[in-house]
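K.L.:
Chain by chain, the residues:
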Amino acid sequence: MTAVRCIDLCKTYRQGDQDIKALDHLSVDVEKGEFVCLMSPSGGGKTTLLNAIGGLDIPDSGEIWIADERIDRMSKGQLADLRLANIGFVFQAYNLIPVLTAQENVEFVMQVQGVAAAERRAKSLAILEEVGLKGLETRRPAEMSGGQQQRVAVARAIVSRPELVLADEPTANLDSKTSAELMELFTELNEHHNTTFIIATHDQHVQSYAKRLVRMLDGRIVGDVEQHAA
Amino acid sequence: MHMFFVLSRLAWRYLWRNHRRTIVMLSAIAVGTWAMIFMTALTRGMVDQMIADGISVIPGHVQIHNPDYLDDPSVNNRIAYTDTELTARFGNAGFSSWASRVRVPAVVTSERESRGVTLLGIDPEAERSFSFVDYAAVDGRFLEGPDDKGVVIGAKLADTLETRVGKRIVIMSQDPDNEIADRGFRVVGLFHAEMEATEESYAFIGKHTAQDMLRIGDTVSEVVFVGDDYRDVEPVFDKVAAQVDDSVLVSRWTEVDTYLGTMMGMMDGFMLIWVIVIFLALSFGLVNTLVMAVFERIREIGLMLALGMKPAMILGQIIIESMMLLAVGLLIGDLLAWATIKPLEGGIDISVVAKGMEMFGASSMLYPNLDIGDVILANVVVLVLGFLASLSPAWRASRYEPVEAITKV
Ligand SMILES: Nc1ncnc2c1ncn2[C@@H]1O[C@H](COP(=O)(O)OP(=O)(O)OP(=O)(O)O)[C@@H](O)[C@H]1O
Ligand SMILES: [Mg+2]
Chain A
3 MTAVRCIDLC
13 KTYRQGDQDI
23 KALDHLSVDV
33 EKGEFVCLMS
43 PSGGGKTTLL
53 NAIGGLDIPD
63 SGEIWIADER
73 IDRMSKGQLA
83 DLRLANIGFV
93 FQAYNLIPVL
103 TAQENVEFVM
113 QVQGVAAAER
123 RAKSLAILEE
133 VGLKGLETRR
143 PAEMSGGQQQ
153 RVAVARAIVS
163 RPELVLADEP
173 TANLDSKTSA
183 ELMELFTELN
193 EHHNTTFIIA
203 THDQHVQSYA
213 KRLVRMLDGR
223 IVGDVEQHAA
Chain F
11 MHMFFVLSRL
21 AWRYLWRNHR
31 RTIVMLSAIA
41 VGTWAMIFMT
51 ALTRGMVDQM
61 IADGISVIPG
71 HVQIHNPDYL
81 DDPSVNNRIA
91 YTDTELTARF
101 GNAGFSSWAS
111 RVRVPAVVTS
121 ERESRGVTLL
131 GIDPEAERSF
141 SFVDYAAVDG
151 RFLEGPDDKG
161 VVIGAKLADT
171 LETRVGKRIV
181 IMSQDPDNEI
191 ADRGFRVVGL
201 FHAEMEATEE
211 SYAFIGKHTA
221 QDMLRIGDTV
231 SEVVFVGDDY
241 RDVEPVFDKV
251 AAQVDDSVLV
261 SRWTEVDTYL
271 GTMMGMMDGF
281 MLIWVIVIFL
291 ALSFGLVNTL
301 VMAVFERIRE
311 IGLMLALGMK
321 PAMILGQIII
331 ESMMLLAVGL
341 LIGDLLAWAT
351 IKPLEGGIDI
361 SVVAKGMEMF
371 GASSMLYPNL
381 DIGDVILANV
391 VVLVLGFLAS
401 LSPAWRASRY
411 EPVEAITKV
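So the sequence lines, in the order shown, correspond to chains A and F. Residues in the first sequence are numbered consecutively from 3, following the numbering used here. Residues in the second sequence are numbered consecutively from 11, following the numbering used here.
Because the hints were derived from the structure by calculation, they are not lab data. Note that the coordinates shown come from a computational prediction; the quantities given were computed from them, not determined experimentally. Backbone N, C-alpha and C fix where the C-beta goes; we use that ideal spot for every residue, glycine too. Each hint should be verified, as a subset may be incorrect.
Below, computed lysine-lysine pairings styled on DSS-like, alpha-carbon distance capped at 25 Å [as the list claims (entries may be wrong)]:
id, chain 1, residue 1, chain 2, residue 2
1, F, K159, F, K177
2, A, K179, A, K136
3, F, K320, A, K78
4, F, K320, A, K125
5, A, K34, A, K23
6, A, K213, A, K34
With beta-carbon atoms standing in for the labels, derived distance ranges [as the list claims (entries may be wrong)]:
id, chain 1, residue 1, chain 2, residue 2, range
7, A, D70, F, L290, 51 to 59 Å
8, F, F305, A, T189, 39 to 47 Å
9, A, D177, F, E414, 29 to 37 Å
10, A, T140, F, H29, 15 to 23 Å
11, A, E71, F, G383, 40 to 48 Å
12, F, L341, A, D177, 45 to 53 Å
13, F, K352, A, N175, 53 to 61 Å
14, A, E131, F, V287, 52 to 60 Å
15, F, G295, A, R75, 38 to 46 Å
16, A, E71, F, H29, 44 to 52 Å
17, F, F305, A, R75, 27 to 35 Å
18, F, F305, A, R217, 51 to 59 Å
Residues on chain A that point at chain F, a partial pick, calculated with CB under 10 Å [what the hints assert, rightly or not]:
id, residue
19, C12
20, G35
21, N53
22, M76
23, K78
24, L81
25, A82
26, L84
27, L86
28, F91
29, L98
30, I99
31, P100
32, Q113
33, V114
34, Q115
Based on the provided sequences and hints, a complete structural model is requested.
P.N.:
Right, dumping it as structure tokens:
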């Protein structure tokens with residue numbers, strides 16, 4: 003089954019009097035349960051592609067399908083529901099709600115989903131422990147390091163077991179040990195729950211966990227290889 | 011409901027993220043609310059007092075007259091029924107207080123001066139409960155019955171006429187044939203009233219004495235009825251109207267004293283305007299606060315949208331935040347108003363400024379009236395208008411594009 007299908011996506015940004023093709027007739031299919039690493043030099047279009055797949059940014063042309071639903075024509079409300087129910091996000095730049103504690107941030111999506119308090123609490127505590135943040139549950143983002151915040155964001159992305167996880171530089175602020183732990187966690191979810199992962203990264207270490215490496219350059223796919231986990 | 015809780019918690023947290031701004035805004039709302047309620051209570055107290063004074067001078071929440079009497083209160087415009095017939099009609103109709111009286115213009119003359127007054131021929135017992143004259147506080151004595159041959163005038167009038175208890179004065183008016191009707195009376199008492207104007211304007215004699223002097227047999231000028239609440243005279247009005255035919259005019263006090271009546275009618279409108287004016291001043295601060303609060307968290311709003319919150323939830327969140335701010339501010343303001351008005355319930359002595367106010371019919375003590383209806387009005391107006399004022403910032407917040415918020419570093 004296809005988890006994500008992108009057909010001939012184009013997205014052009016204007017910067018000054020210059021047109022920048024962030025996505026340039028890009029097509030790609032990701033099967034359910036795949037673990038894809040998206041790589042490119044900075045500005046290659048990774049974030050643009052992830053945002054398009056997540057329904058955060060509508061491409062100028064082309065089609066995007068999540069499972070068997072075409073999302074590039076959905077309303078804002080429908081997209082919100084889709085994201086809420088099916089997609090876990092780790093954003094590149096900005097992830098946590100500053101007025102909520104680590105645990106509340108992790109519970110945020112479940113709260114909006116309407117998950118009962120006891121279940122939320124159990125799940126969020128367990129996942130925070132898994133990402134190594136036990137004891138920091140009541141800290142607010144401002145009271146945590148960049149790496150700790152990043153892990154809270156990851157915990158939130160996976161806590162409600164979404165079918166698809168879109169992670170933009172999830173290990174950007176992490177040391178190699180923590181980032182390895184996170185990748186182990188991702189791999190485990192991928193293998194045991196068949197969660198589809200699409201991860202944008204520069205990190206060589208992260209790439210070694212991926213089963214499939216997709217290379218981008220100037221909004222196009224320039225390489226797409228299967229690889230066996232290290 | 012669940013969502014409401016989630017949004018409320020977020021709203022509450024955001025409210026306290028910027029303590030200073032919130033506290034400043036809360037103080038503004040609280041002070042504004044206090045001003046609304048305090049001013050309203052003072053004004054209502056003043057108007058109540060004016061009306062109470064006014065009504066006690068023209069006693070009777072409902073009155074009946076000859077249809078021409080209000081335009082021309084002469085002796086010719088008497089009520090078509092005789093006093094005996096009136097007693098037959100109203101005596102057993104279950105009115106708690108009522109009285110019939112002769113009321114005509116007259117001139118009072120002493121050895122030195124003369125003055126125009128309103129001459130009232132009354133049955134003192136019938137009017138005891140609602141007369142503006144405190145019978146016990148009269149210098150000398152009050153009238154003892156409808157056949158009393160004495161006259162009671164105001165202390166101020168006595169000064170003007172340079173007369174006093176025990177001296178004689180002449181009262182002069184017209185009989186139905188336009189002949190002079192006059193008679194000498196001994197001043198038996200001097201009454202005191204809140205306002206000097208009242209003390210100068212009325213002279214009381216016995217009803218039968220008046221009928222006799224004016225040669226009007228067993229007839230009267232007006233009948234007055236007093237109900238439970240001057241604000242709601244309809245029950246009495248209906249009851250009176252049911253007892254009479256077209257030959258007499260039944261009026262509410264608001265129709266007899268149009269100045270006071272209008273005053274009372276304007277009161278509620280005035281309150282509303284006052285409350286709205288203060289709110290308008292507040293609303294600038296409120297909208298500004300909300301716009302700032304939204305502006306400084308564009309990214310967080312974007313993030314929430316990106317994670318799957320619907321725009322409507324963002325809208326709700328901002329509105330809840332605004333309502334919380336208002337509710338807390340209102341609560342403080344209400345308590346403040348209550349705490350400042352309570353100690354003043356015994357009355358504020360405004361005699362220093364009251365002299366100039368007498369022309370408006372105000373007396374020298376001001377009793378603030380904390381009317382629950384006014385408090386509710388102020389709170390509801392603030393909440394409703396506050397809700398409307400927050401719609402625009404909240405709407406804008408809900409229209410943000412998540413991607414712009416997320417990707418900007
Ligand atoms: N909102 C925007 N306005 C203008 N240009 C944009 C915008 N977003 C992205 N771009 C441009 O589109 C191109 C692709 O950007 P994108 O963020 O997708 O790259 P990226 O691969 O995620 O880069 P990085 O590795 O630095 O995160 C870049 O040239 C970028 O400058
Ligand atoms: Mg990027």
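K.L.:
Run every hint past the structure and note whether it holds.
P.N.:
Structure-based check of each hint:
Between the alpha carbons of F/K159 and F/K177 the distance comes to roughly 13 Å, so the proposed pair stays at or under 25 Å and holds. With a C-alpha separation of about 17 Å, the suggested pairing of A/K179 with A/K136 holds against the 25 Å cut-off. Distance check on the hinted pair: F/K320 and A/K78 sit about 8 Å apart at the alpha-carbon level, within 25 Å; holds. The hinted pair formed by F/K320 and A/K125 meets the criterion: a straight-line CA distance of about 24 Å does not exceed 25 Å.
The hinted pair formed by A/K34 and A/K23 fails the criterion: a straight-line CA distance of about 28 Å is larger than 25 Å. Simply put, A/K213 and A/K34 have alpha-carbon atoms about 13 Å apart, close enough for the 25 Å limit, and the pair holds. Our hint of 51 to 59 Å for A/D70 and F/L290 holds, since their Cβ atoms are close to 55 Å apart. The hinted window of 39 to 47 Å between F/F305 and A/T189 holds, with their beta carbons roughly 41 Å apart.
Against the hinted window of 29 to 37 Å, the Cβ-Cβ separation of A/D177 and F/E414 comes to about 31 Å, which satisfies the hint. Taking 15 to 23 Å as the suggested C-beta distance range, the pair A/T140 and F/H29 conforms, at roughly 20 Å. Between A/E71 and F/G383 the Cβ separation comes to about 56 Å, which falls outside the hinted range of 40 to 48 Å. Distance hint check for F/L341 and A/D177: the Cβ-Cβ separation is about 50 Å, which falls inside the suggested range of 45 to 53 Å.
Checked against the hint of 53 to 61 Å, the C-beta distance between F/K352 and A/N175 comes to roughly 59 Å, which is consistent with it. Distance hint for A/E131 and F/V287: a CB-CB separation of about 58 Å, consistent with the stated range 52 to 60 Å. A hinted range of 38 to 46 Å holds for the C-beta pair F/G295 and A/R75, which are about 43 Å apart. Hint check: A/E71 to F/H29, Cβ distance near 45 Å, so the stated range 44 to 52 Å holds.
A hinted range of 27 to 35 Å for the beta carbons of F/F305 and A/R75 is consistent with their spacing of about 31 Å. A beta carbon spacing of about 40 Å between F/F305 and A/R217 contradicts the range 51 to 59 Å that was offered as a hint. Interface restraint check for A/C12: the shortest CB-CB distance to chain F comes to about 16 Å, outside 10 Å, so the restraint is violated. A cut of 10 Å between beta carbons decides the hint on A/G35: the least distance to chain F is about 23 Å, and the hint is violated.
The beta carbon of A/N53 is positioned within 10 Å of a beta carbon in chain F (closest approach about 5 Å), and the interface hint is therefore held. Because the beta carbon of A/M76 sits about 13 Å from the nearest beta carbon in chain F, more than 10 Å, this interface hint is broken. Of the supplied interface hints, the one on A/K78 holds, with its beta-carbon coming within about 6 Å of a beta-carbon of chain F, less than 10 Å. Annotation: interface hint on A/L81 holds; nearest CB of chain F at approximately 9 Å, less than 10 Å.
Because the closest C-beta pair between A/A82 and chain F is about 5 Å apart, less than 10 Å, the hint holds. Annotation: A/L84 was flagged as interfacial toward chain F, and the flag holds, the nearest CB pair being 8 Å apart, inside 10 Å. Taking 10 Å as the C-beta cut-off, the interface hint given for A/L86 holds, the closest approach to chain F being about 3 Å. Taking 10 Å as the C-beta cut-off, the interface hint given for A/F91 holds, the closest approach to chain F being about 6 Å.
For A/L98, the suggested interface contact is upheld, since its CB lies about 8 Å from the closest CB of chain F, less than 10 Å. For A/I99, the interface hint holds, the least distance from its beta-carbon to any beta-carbon of chain F being 6 Å, beneath 10 Å. Against a cut-off of 10 Å between C-beta atoms, the interface hint on A/P100 holds, since the closest Cβ of chain F lies about 7 Å away. Hint status for A/Q113 relative to chain F: holds, with the closest Cβ pair at about 5 Å, below 10 Å.
Among the interface hints, the one on A/V114 holds; its C-beta lies about 6 Å from the nearest C-beta in chain F, closer than the 10 Å criterion. Hint status for A/Q115: holds, given a least beta-carbon distance of 8 Å to chain F, under 10 Å.
Of the hints listed earlier, those the structure fails to meet are numbers 5, 11, 18, 19, 20, 22, in rising order.
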